[in-house]
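Q: Here's the letter readout for the chains.
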Amino acid sequence: GAGVSQTPSNKVTEKGKYVELRCDPISGHTALYWYRQSLGQGPEFLIYFQGTGAADDSGLPNDRFFAVRPEGSVSTLKIQRTERGDSAVYLCASSSTPGTGSYNEQFFGPGTRLTVL
Amino acid sequence: RKEVEQDPGPFNVPEGATVAFNCTYSNSASQSFFWYRQDCRKEPKLLMSVYSSGNEDGRFTAQLNRASQYISLLIRDSKLSDSATYLCVVNGAGGYNKLIFGAGTRLAVHP
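Heads up: the protein sequence lines correspond to chains A and B, in order. The first sequence: position 105 = 105 (the working numbering), numbered continuously. In short: position in the second sequence from 1, add 117, done, that's the working numbering.
A few of these clues could be false.
Claimed, not checked - DSBU-like, lysine-lysine: derived pairs with alpha carbons at most 35 Å apart:
| no. | chain 1 | residue 1 | chain 2 | residue 2 |
| --- | --- | --- | --- | --- |
| 1 | B | Lys159 | B | Lys119 |
| 2 | A | Lys17 | B | Lys215 |
| 3 | A | Lys78 | B | Lys215 |
| 4 | A | Lys17 | B | Lys119 |
| 5 | A | Lys15 | B | Lys159 |
| 6 | B | Lys196 | A | Lys78 |
| 7 | A | Lys15 | B | Lys162 |
| 8 | B | Lys159 | A | Lys11 |
| 9 | A | Lys78 | B | Lys119 |
| 10 | A | Lys15 | B | Lys196 |
| 11 | A | Lys17 | B | Lys159 |
| 12 | B | Lys215 | A | Lys15 |
| 13 | A | Lys15 | B | Lys119 |
| 14 | B | Lys196 | A | Lys17 |
| 15 | A | Lys78 | B | Lys162 |
| 16 | B | Lys162 | A | Lys17 |
If you are wondering where the hints come from, they were derived from the structure by calculation, not from laboratory data. Fair warning: this is a prediction, and the values are worked out from it, not measured in the lab.
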């Protein structure tokens, strides 16, 4: 079946601009996660959605970052007034509903490579 | 101090070698532990979960020491196709949903 898809695969923008990154999770997966991976580092957690609501947004670096998932499926990560330091690969992952005391595998999409000039 | 720390690498080994990666984590409340594999410019993929009793999957063996907050991955009989970055991962504080990744250890297997 289809995996997690992300668009665009690459995005080049200028400092100060607004960008939107899209994630299409695996069909039926209620949990969706955004991570950011800088060069030479592991992915860094940004936000977790369970259904339509953000259950944990503790990883968002500041108020320029915002994410939505209005219908509990597709999610959009929005970055306002982009800065050069926002340049990274933005990864989306999805999983079936995590149970209490258990872990459901997170499947990652190919990522969006964001470059802020 | 980073929440998950790994050997910096890179590890350059010949085919057939045995190689071991180590990882330590700082949050004693972590409950879930994993090794992910990431190929160059690709997304991370789950290699294996790590259990307290230790577990093996073919040539790969993972160990967890909760007292020392230490995780290891052993790869036996290395193949060229094992060349990748190996990420040590634990679940973050507050639940099972937030994964905390180490910076990764790069492995290069040569003929």
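Q: Taking the hints in turn, state whether each one holds.
A: Right, here's what the structure says about each hint:
| no. | hint | verdict |
| --- | --- | --- |
| 1 | B:Lys159 - B:Lys119 | 24 Å, holds |
| 2 | A:Lys17 - B:Lys215 | 29 Å, holds |
| 3 | A:Lys78 - B:Lys215 | 20 Å, holds |
| 4 | A:Lys17 - B:Lys119 | 31 Å, holds |
| 5 | A:Lys15 - B:Lys159 | 26 Å, holds |
| 6 | B:Lys196 - A:Lys78 | 41 Å, violated |
| 7 | A:Lys15 - B:Lys162 | 32 Å, holds |
| 8 | B:Lys159 - A:Lys11 | 16 Å, holds |
| 9 | A:Lys78 - B:Lys119 | 27 Å, holds |
| 10 | A:Lys15 - B:Lys196 | 43 Å, violated |
| 11 | A:Lys17 - B:Lys159 | 27 Å, holds |
| 12 | B:Lys215 - A:Lys15 | 30 Å, holds |
| 13 | A:Lys15 - B:Lys119 | 29 Å, holds |
| 14 | B:Lys196 - A:Lys17 | 45 Å, violated |
| 15 | A:Lys78 - B:Lys162 | 25 Å, holds |
| 16 | B:Lys162 - A:Lys17 | 32 Å, holds |
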